[in-house]
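Engineer: Residue numbers (our numbering), protein chains in the order written: chain C, 1 to 200; chain W, 201 to 400.
These are calculated hints, taken from the structure and not from any lab test.
Hints are supplied without guarantee of correctness; some may be wrong.
[Unchecked claim] Covered, in the sense of this in silico footprint (three residues per stretch, anywhere, with C-beta under 8 Å from a C-beta of chain W), are these stretches of chain C: (1) 22-33; (2) 42-56; (3) 62-73; (4) 87-100.
Predicted, not measured: the structure shown is a model, and the values here were computed from it.
Note that beta-carbon positions come from the ideal geometry of N, C-alpha and C, so glycine has one too.
Chain by chain, the residues:
Protein chains: 2
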Amino acid sequence: MSAIPKNIEKTIEEFSKLPGIGQKSAERLTFYLLRKKTEDVERFGHVLKGLKEGLVYCQNCQNLSTKETCEICEDLNRDSSVICVVEEMLDLLALEKANEYKGHYHVLHGVISPIEGVGPDELKIAELVERVKKGGITEIILALNPSIEGEATSAYILRYIKPLENIKITRIARGIPIGGDLEYADRQTLKRAFEGRVEY
Amino acid sequence: MSAIPKNIEKTIEEFSKLPGIGQKSAERLTFYLLRKKTEDVERFGHVLKGLKEGLVYCQNCQNLSTKETCEICEDLNRDSSVICVVEEMLDLLALEKANEYKGHYHVLHGVISPIEGVGPDELKIAELVERVKKGGITEIILALNPSIEGEATSAYILRYIKPLENIKITRIARGIPIGGDLEYADRQTLKRAFEGRVEY
Numbered sequence: 001m002s003a004i005p006k007n008i009e010k011t012i013e014e015f016s017k018l019p020g021i022g023q024k025s026a027e028r029l030t031f032y033l034l035r036k037k038t039e040d041v042e043r044f045g046h047v048l049k050g051l052k053e054g055l056v057y058c059q060n061c062q063n064l065s066t067k068e069t070c071e072i073c074e075d076l077n078r079d080s081s082v083i084c085v086v087e088e089m090l091d092l093l094a095l096e097k098a099n100e101y102k103g104h105y106h107v108l109h110g111v112i113s114p115i116e117g118v119g120p121d122e123l124k125i126a127e128l129v130e131r132v133k134k135g136g137i138t139e140i141i142l143a144l145n146p147s148i149e150g151e152a153t154s155a156y157i158l159r160y161i162k163p164l165e166n167i168k169i170t171r172i173a174r175g176i177p178i179g180g181d182l183e184y185a186d187r188q189t190l191k192r193a194f195e196g197r198v199e200y
Numbered sequence: 201m202s203a204i205p206k207n208i209e210k211t212i213e214e215f216s217k218l219p220g221i222g223q224k225s226a227e228r229l230t231f232y233l234l235r236k237k238t239e240d241v242e243r244f245g246h247v248l249k250g251l252k253e254g255l256v257y258c259q260n261c262q263n264l265s266t267k268e269t270c271e272i273c274e275d276l277n278r279d280s281s282v283i284c285v286v287e288e289m290l291d292l293l294a295l296e297k298a299n300e301y302k303g304h305y306h307v308l309h310g311v312i313s314p315i316e317g318v319g320p321d322e323l324k325i326a327e328l329v330e331r332v333k334k335g336g337i338t339e340i341i342l343a344l345n346p347s348i349e350g351e352a353t354s355a356y357i358l359r360y361i362k363p364l365e366n367i368k369i370t371r372i373a374r375g376i377p378i379g380g381d382l383e384y385a386d387r388q389t390l391k392r393a394f395e396g397r398v399e400y
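Starting from the given sequences, assemble the full structure and let the hints guide the process.
Structural biologist: Here's what the structure looks like:
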């Protein structure tokens, strides 16, 4: 549209490409930024431009890092004999925030999904198997999402690591979330909650 | 958090400053971009950085433009004797998309809001009065939002332009929106719809 300067139009376009942000929201965000100080907007642009700069996969856990070995893997206070396998770095962050787990991670960067054309080779599964084979691992915790793809990926990984001896393989518990409501829990969750019931 | 590279942390922070985007959404958007091609992310950053570059207020209608006089004001096919007063440029864009109005605009860049510390002097009201006094205007259409602030701002503007002779002053109609449902309309809207009823 001719009524709108190119800069504004392009910014709206870029915002509207983001997931969950439609045309209207993109316009609102852009005009919100237009009302902000120029330096604030420029800083945002600058930060965004450099987002992927210098990022590499940690050679150990495949977490995104600015160093060859990420800070978690380098932390000597953490137990390097336990590996928690997660789908995405976001899951790792969520677990870190819970501040419960003090071992190492392995980030797969996705799940096996034939519909989206993602096979095991697109994921960091070979790296995991390699890492486990090197030895020194006592437990592997599978912390993938309880979705069909997550389950399939867990099953795929199990096939490779189960035969390895002396390694305990676990998965995180499924059940009613804390603060959740039995009444609103779906059937699958309730089923899993019963199956996984614990004796007092 | 040490687990997360600075670039990523900063991007999440910038996204979470945007209206309607919380911490979780900011994380999701950032990790969505991390999965995109570097060039795509860099382009977004570049576009954002230059968002406010070279933008000025149109000397005529106060619309944001890259030129002293915006394209709408320069368009000789539009009726320069009619001014439609809007709060924000987003409103102008919405009206332009409706493709109904073919006159000029005047963008106030806000509404009078004592709570938010916005007085008439923060808005482009003086510029409007100045513009009208110059002459050549036959009609002023007030197209502010039907909110308390919008009404107050309209009333304030009226005080200044009502005394000027030979200018028709109108406001856009209020009523049930097209596709809207009487059943779900609020009382004020219904009241206005009755007051503004039109004879067949």
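Engineer: Each of the hints needs a verdict: does it hold here or not?
Structural biologist: Here is how each hint holds up against the structure:
By the rule of at least three residues with a Cβ nearer than 8 Å to a Cβ of chain W, the coverage given for the region 22-33 of chain C holds, with 8 such residues. Only residues whose C-beta sits within less than 8 Å of a C-beta in chain W count toward coverage, and the region 42-56 of chain C has 14 of them, enough to reach three; the restraint holds. Counting residues of the region 62-73 of chain C whose C-beta lies closer than 8 Å to any C-beta of chain W gives 7; at least three are required, and the coverage claim holds. Beta-carbon proximity to chain W at under 8 Å applies to 7 residues in the region 87-100 of chain C; the threshold of 3 is reached and the given coverage holds.
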